[in-house]
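*Asks:* For the protein sequence lines, the chains are F and B, in the order given. Counting along the first sequence from 1, when you hit position 144 you're at 143 in numbering that gives the first Met the number 0, and nothing is skipped either side. Counting along the second sequence from 1, when you hit position 407 you're at 406 in numbering that gives the first Met the number 0, and nothing is skipped either side.
If you're looking for bench data, these hints aren't it; they were derived computationally from the structure. All C-beta atoms, glycine included, are put in the ideal place defined by N, C-alpha and C. It is possible that some hints are incorrect.
[To be verified] Residues of chain B clear of chain F, computed beta-carbon distances all greater than 10 Å: (1) Ile167; (2) Asp169; (3) Val170.
[Said to hold, decoys possible] Here are the in silico distance ranges between beta carbons for each label pair: (4) Ile210(B) <-> Glu188(F): 40 to 48 Å; (5) Gly111(F) <-> Gly40(B): 55 to 63 Å; (6) Leu435(B) <-> Val275(F): 49 to 57 Å; (7) Pro335(F) <-> Ala21(B): 34 to 42 Å; (8) Met109(B) <-> Arg114(F): 25 to 33 Å.
[To be verified] Here are some of the chain F residues that sit facing chain B, going by a computed Cβ distance under 8 Å: (9) Ser132; (10) Val137; (11) Val165; (12) Ile218; (13) Ile226.
In case you want the letters, here they are:
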Amino acid sequence: MTGFFGSYLFAWIFWLSLSLGCLGLLLLHQLFRAAWGRAVLPVLEAGARSLPIMAVLFLPILIWGMGDLYPWVHGGDAIDAHRAPYLNMPFFLIRAAFYFIFWVGVSSYLIGLRRRERLTGDVSLAQRRTNVSAPSLVLFVLTVTFAMTDWVMSTEHHWFSTIYGVWFVTGQALSAVAIAALWWRKRQETAAPMQEADFPISRDLGNLLLAFTMMWAYISLSQFLIIWSANLPEETTFYLRRSGHGWDVAGALLIVGQFMIPFLALLSGKTKRSPVMLSRVAGWILAMRVLDIYWIVMPSVREGGVLPAATDVLTFAGIGIIWLVGFVRALRGALPDEADVATAAEAPSHA
Amino acid sequence: MSHSSHASQPTHGADRELLIGAHDYGTVTDRIAGVVLNQRGHPLPWFAVFALAFLLLNGMMLTITYLLYRGVGIWGINQPAGWGFDIINFVWWIGIGHAGTLISAILLLMRQQWRTSINRFAEAMTLFAVACAGLYPLLHTGRPWVAYWLFPYPNVMGMWPQFRSPLIWDVFAVSTYMTVSALFWFVGLVPDLATLRDRARNKVARILFGIGALGWRGSARHWSRYEAAYLMLAGLSTPLVLSVHSIVSFDFAVSVLPGWHTTVFPPYFVAGAIYAGFAMVLTLAIPIRAWYGLKDFITDKHLDWMAKIMLATGLIVVYGYVMEMFFGWYSGNPYEGYLIKNRMTGPYAPLFWGLLICNGVVPQVLWSPRWRASVPVLFAVSLVVSVGMWLERFIIIPVSLHRDFLPSSWGMYVPTLWDWGMFIGTLGLFFFLMFLFIRFLPMISIFEMRDLVLRLRGHRSESREPIAKSTEVEPV
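Please work from the sequences and hints to get the whole structure.
*Replies:* Given below as structure tokens:
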């Protein structure tokens with residue numbers, strides 16, 4: 000069964016990270032209220048709406064998979080005993096419940112506020128969204144950090160890294176911007192004909208993709224360099240596990256695929272101005288994100304080579320279909336974007 | 000002038016608060032250039048601060064002279080605490096510089112209007128802070144006259160630096176940072192130096208500003224090249240905001256010492272740098288705008304935004320503390336665990352709790368818009384943050400070093416009078432240079448303020464002098 004739950008964890012973490020990335024950007028947007036955020040608000044809300052489904056999909060791991068995935072469940076050595084006050088089943092469940100209640104709660108509250116704002120035309124509600132989002136963003140980063148420590152990092156027996164939370168938060172944001180860029184192209188094709196005012200949105204999304212791509216590379220490199228330089232046995236296990244059986248090739252592919260190619264492509268203003276070109280880069284980045292999560296999760300939960308097993312593909316597709324159905328339904332029922340609100344609130348200063 | 004965005008692009012409603020009063024191109028120019036051109040108009044506080052800074056600077060000269068005569072033994076460093084004030088203050092100063100680069104480069108690329116009135120003196124602050132920072136490792140080498148050995152040049156000694164050491168990356172990172180910051184600052188000054196050249200009555204001033212202005216005539220071609228160069232320098236500076244302090248953090252993180260070796264260090268150091276930098280910008284901006292009557296340009300809106308950035312970066316720093324403490328425990332490593340305990344209850348515990356109060360607790364008042372709007376509160380918080388960030392480096396450096404793995408190699412670190420002399424001396428150097436700068440160079444970018452006038456008021460305002468309309472360069 001180990002094989003199955005390893006695959007399941009990888010698939011679940013990938014799709015969950017899309018939802019969390021959308022929630023993170025949704026919170027961030029309320030603080031800046033930038034044009035790009037107003038334009039892609041529906042897609043961020045729809046992504047965050049899949050969180051309850053993801054909570055339900057965590058149940059199989061909790062009920063059947065814990066023993067297979069997490070070595071601390073069996074206890075054993077001194078470090079397991081030391082960590083037991085934190086890593087024990089009841090507290091693990093309480094934390095998981097808390098994370099999901101917070102994520103689902105804050106996303107539905109924000110979406111609800113915007114709905115009320117639409118209905119009543121009460122502009123003060125936008126300020127309330129901002130006021131809620133600022134402290135929520137702080138709690139969001141903390142909850143994601145501890146959730147990923149619980150669910151992914153603790154699959155490694157003794158390993159730990161203090162940058163891990165930031166690594167995931169950045170990767171999730173990268174995925175979410177990529178989805179937003181894909182959706183923006185689709186919207187451009189189906190909705191009203193492209194207007195000049197739409198060009199900056201595409202460019203801003205491209206710049207965000209570029210920024211998060213660089214940020215991801217910066218964090219990945221920092222973690223590697225610090226662990227490699229100190230060369231402590233308790234820390235190098237993470238990279239040693241990923242340096243054979245083809246995992247090294249996958250790691251190299253990530254450097255080229257998730258950093259160099261998108262970095263070079265996004266440097267050019269031409270790529271960023273065209274929603275079509277941008278969506279291609281975004282699609283590529285999403286594919287690399289799958290590989291990235293696979294590279295992070297799988298070597299810890301399954302012995303063996305880099306080639307995916309049938310269960311990997313099946314669970315990925317299975318959870319993916321459920322996530323996508325939820326996402327598309329949420330998108331259909333979503334409130335329109337706020338681009339029109341923006342123009343009304345902001346009279347041009349001069350011709 | 001519009002290198003920050005399209006002139007046709009509407010400005011945000013909030014941007015209207017970036018300039019107060021009935022200003023047109025002429026009054027903006029008069030007010031800023033007047034500080035430099037009217038040398039009689041300097042307020043009393045200028046002389047007071049300058050005199051004090053000059054005194055402290057002389058104290059620093061004395062300290063350095065004695066240091067070169069006797070050697071670094073006059074400092075409190077010892078075994079096991081081989082790094083003390085020399086590195087604490089290096090990291091503290093270099094961190095302060097980062098806000099200047101963030102404001103001038105990153106906010107430019109992000110097309111943020113509010114950088115306009117604070118970028119020039121924030122950049123000057125960067126230069127002077129880096130100059131103060133550079134002194135410490137230079138003198139800590141013990142033989143600064145052979146500091147050029149740090150550079151890899153072919154030599155008959157057959158000696159090369161250790162390229163795997165972040166200390167040598169620091170040499171490159173900091174010298175690149177200094178060079179690019181100086182260039183960026185100077186290039187931004189050129190059009191303003193031309194304005195001063197044209198307005199100065201004093202012949203010497205005219206000649207000196209004329210040399211600095213590099214023959215600037217404000218032609219369309221000049222503006223077009225200026226914008227291209229300025230954007231390129233902004234692009235070059237942007238990675239420096241991250242790289243310099245990341246490399247400084249590697250100085251510690253690549254070791255195997257608990258308290259130093261932790262993977263979150265690079266982003267946590269960068270956030271801390273920006274945090275301390277904005278605190279220093281506020282510390283300088285609040286009194287200077289009052290003394291020189293510049294509240295129309297450096298408005299309460301600017302202070303509000305700087306306070307928000309300080310709050311955000313401060314929260315990232317606190318996140319770093321949480322991660323350090325949690326994983327120090329989670330690791331199950333007895334040395335990591337002891338380090339946390341030693342910080343909380345060891346001989347330097349008051350400094351640790353002081354750090355948490357200064358960096359973690361006090362700045363939380365900035366959540367409240369009412370407190371943020373209070374200038375005295377903001378000024379006090381910015382001073383507290385400066386102290387907090389200094390304490391943070393004290394906690395990281397000597398407190399991690401002083402209790403080595405073996406209790407037989409434990410010791411204490413106590414800074415000597417000469418340590419304090421050097422630290423207070425660099426404060427003197429910093430304020431000495433800063434106050435010379437605000438007296439002899441335009442501390443706010445004149446032409447960018449004119450651009451702001453155009454952007455906020457359009458062509459309605461009566462223009463007393465022709466302004467140059469730039470060609471538009473697309474930001475990257």
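*Asks:* Now tell me if each hint is right for this structure.
*Replies:* Against the structure, the hints come out as follows:
1. Every C-beta of chain F lies more than 10 Å from that of isoleucine 167(B), the closest at about 13 Å, which supports listing it as non-interface.
2. For aspartate 169(B), the condition that its CB be more than 10 Å from all CB atoms of chain F holds, with the nearest at approximately 15 Å.
3. Against chain F, the non-interface label of valine 170(B) holds: every CB pair exceeds 10 Å, the least being about 18 Å.
4. Restraint check, isoleucine 210(B) to glutamate 188(F): a C-beta distance of roughly 57 Å breaks the suggested window 40 to 48 Å.
5. The hint said 55 to 63 Å for the Cβ distance between glycine 111(F) and glycine 40(B), and at roughly 57 Å that hint holds.
6. Range check, leucine 435(B) to valine 275(F): about 54 Å between beta-carbon atoms, so the 49 to 57 Å window is met.
7. A C-beta distance of roughly 41 Å is found between proline 335(F) and alanine 21(B), which places it inside the suggested range of 34 to 42 Å.
8. At roughly 31 Å, the beta carbons of methionine 109(B) and arginine 114(F) sit within the given window of 25 to 33 Å.
9. Hint on serine 132(F) is violated. Least Cβ distance to chain B is approximately 13 Å, over the 8 Å limit.
10. Using the Cβ-Cβ criterion of 8 Å, the hint placing valine 137(F) at the interface with chain B is satisfied: the shortest such distance is roughly 6 Å.
11. Below 8 Å, beta-carbon pairs count as interface contacts, and valine 165(F) has one with chain B at about 6 Å; its hint therefore holds.
12. Taken as an interface hint, isoleucine 218(F) checks out: its beta carbon lies about 7 Å from the nearest beta carbon of chain B, inside 8 Å.
13. Taking 8 Å as the C-beta cut-off, the interface hint given for isoleucine 226(F) holds, the closest approach to chain B being about 7 Å.
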